[in-house]
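S.K.: Residues per chain are reported as follows:
There are 2 protein chains.
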Amino acid sequence: MTKTETVGWIGTGVMGSSMCQHLLNNGHKVAVFNRTRSKAEPLVKMGAEWCDTPADVAEKSRIIFSIVGYPKDVRQVFLGESGILSKAEAGSCIVDMTTSTPALAVHIHNKAQEMEIDSIDAPVSGGDTGAREGKLAIMAGGKPEAFERVRPYFELMGENIKLMGGPGKGQHTKMCNQTLIASTMIGVVESLLYAHKAGMDMEKVISVIGKGAASSWSINNLGPRIARGDFDPGFFIKHFVKDMRIALDEARRMEVTLPGLALAEQFYTSAMAMGFENLGTQGLYKVLERMNGG
Amino acid sequence: MTKTETVGWIGTGVMGSSMCQHLLNNGHKVAVFNRTRSKAEPLVKMGAEWCDTPADVAEKSRIIFSIVGYPKDVRQVFLGESGILSKAEAGSCIVDMTTSTPALAVHIHNKAQEMEIDSIDAPVSGGDTGAREGKLAIMAGGKPEAFERVRPYFELMGENIKLMGGPGKGQHTKMCNQTLIASTMIGVVESLLYAHKAGMDMEKVISVIGKGAASSWSINNLGPRIARGDFDPGFFIKHFVKDMRIALDEARRMEVTLPGLALAEQFYTSAMAMGFENLGTQGLYKVLERMNGG
Chain V
8 MTKTETVGWI GTGVMGSSMC QHLLNNGHKV AVFNRTRSKA EPLVKMGAEW CDTPADVAEK
68 SRIIFSIVGY PKDVRQVFLG ESGILSKAEA GSCIVDMTTS TPALAVHIHN KAQEMEIDSI
128 DAPVSGGDTG AREGKLAIMA GGKPEAFERV RPYFELMGEN IKLMGGPGKG QHTKMCNQTL
188 IASTMIGVVE SLLYAHKAGM DMEKVISVIG KGAASSWSIN NLGPRIARGD FDPGFFIKHF
248 VKDMRIALDE ARRMEVTLPG LALAEQFYTS AMAMGFENLG TQGLYKVLER MNGG
Chain B
8 MTKTETVGWI GTGVMGSSMC QHLLNNGHKV AVFNRTRSKA EPLVKMGAEW CDTPADVAEK
68 SRIIFSIVGY PKDVRQVFLG ESGILSKAEA GSCIVDMTTS TPALAVHIHN KAQEMEIDSI
128 DAPVSGGDTG AREGKLAIMA GGKPEAFERV RPYFELMGEN IKLMGGPGKG QHTKMCNQTL
188 IASTMIGVVE SLLYAHKAGM DMEKVISVIG KGAASSWSIN NLGPRIARGD FDPGFFIKHF
248 VKDMRIALDE ARRMEVTLPG LALAEQFYTS AMAMGFENLG TQGLYKVLER MNGG
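Chain order of the listed sequences is V and B. Per our numbering, the first sequence runs over residues 8 to 301. Per our numbering, the second sequence runs over residues 8 to 301.
Calculated directly from the structure, the hints in this document are not laboratory data. Every value quoted in this text rests on a predicted model; they were computed, and no experiment measured them. You may find that some hints are simply not true.
If chains are identical, the list can't say which one is meant, so a pair holds when it fits in one copy or spans any two.
Computed cross-link-like contacts, SDA-like style, restricted to lysine to any residue with a CA-CA straight-line distance of at most 25 Å [to be verified]:
{"id": "1", "residue 1": "K204", "residue 2": "L270"}
{"id": "2", "residue 1": "K142", "residue 2": "M207"}
{"id": "3", "residue 1": "K36", "residue 2": "E162"}
{"id": "4", "residue 1": "K245", "residue 2": "P78"}
{"id": "5", "residue 1": "K150", "residue 2": "M209"}
{"id": "6", "residue 1": "K52", "residue 2": "H29"}
Using the sequences plus the hints, can you model the full thing?
M.R.: Dropping the structure here:
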């Protein structure tokens, strides 16, 4: 990692903007692209160089990070007509930090390898706060040499940084993470609805069940928000639905049945149908409430 | 709380024995009964006085604790022919610490009130370790005066001790706790099965997903046991099934639908059918494994 070398950054949403800022704040030169240019302006004001396409970013930098929305966006950014791989040179390294499909990560890795380009899939967890504070968990998949090459950049963005295996394994780990959250959230909203229906104070119940064998990040962080009727997004329902559907697709591909994840996906699909897509994941409580006549 | 007064104790299983020991170790006189006498012998050797029936315990003590197996045992101990209420005097206080039904707790409370006897339902959480170390969570329901009367005894057994509301509310809180654990456990076993099927090392995956928004007591304490193939009981599947069925019955009584809890109960019923009733709750992994051809 030399600071004279320009780093590429594609995707300046809430997560990407914070992550890219850490690079700028540490003195790196950055070439930036985002589909909606206005969202990249704050970074440009901080010194990042604007590029009109992902291909332009690839022309200016040999290490390129991306964090965009959906797998179709990842495909566009890397494999599209003005995509990164249309211009990236041999010896470059591409790093997709979007939560996307393991299969696509492997596909991009294989395409890149044919061009002698390194490729890492490295989705994150920790939300907007983690991104802002440089405390993300980063779950990487790819070759160890490629991982070591980009690790210094990861260390500016995160704290719990691990190479989980070969190409796609970063994405697979993120799917494990989301699968675990999915059923935990069902437990959270069902236990709080039970508490409410049994005539108890939710916060008091959380103060007991949040400490022992039932404790989780979700009950202790999202539970009190539900108790206060605060459904603002930390993590959007619409994004969580995307993740669960990727996990279910991959599970089907592996012929693995995950009934709890399937139930959670159905619950959250119901949340989408009720117009709650822009609520935080704790908005699942409102679905259960309506199912129970509320 | 005076140490010259004899305290009654009914139920000397793994939990009850440890809890009662704390009373003896603190200098209290104890009158003890257990259905299987041999299990009470260690306490008798420590100085507890053996009684042949719950009624005999009630004759010797004005504050009587019980922690037995199933609601039918609770009914027998309190309302049966040689039960506590057949002999307890006005001014006594009965405390059932079994995880049992809220409706039965209310019923016993009402019967006791007619006899001018105080009644508290106070199920615990924290398992055999919590009981041994005097670190249980104790969730109580009943009248505040009655709770204050027995609180000094609770403080010898636990740390997180709360009066949750009127009669039955201790049991309701425990049901919230078990409902939360039920779906969380589905998330734990599904995420670890996914990890395994995707060719990843479970312990490495736990080291990442166990730290952020997906973290829970279950993934961090039971996950590593699953990874090691250790299915020994901390908490027996057969007891967890009892608890989930009580929670579902109460939910039905309140006309509340809890689909995640219902799914978990079905999964664990499958565990019973497969002969896993004496495994720990992490044995759910084996059910999912078999469902997936393992």
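S.K.: Which hint numbers does the structure go against, in order from smallest to largest?
M.R.: No numbers; nothing is violated.
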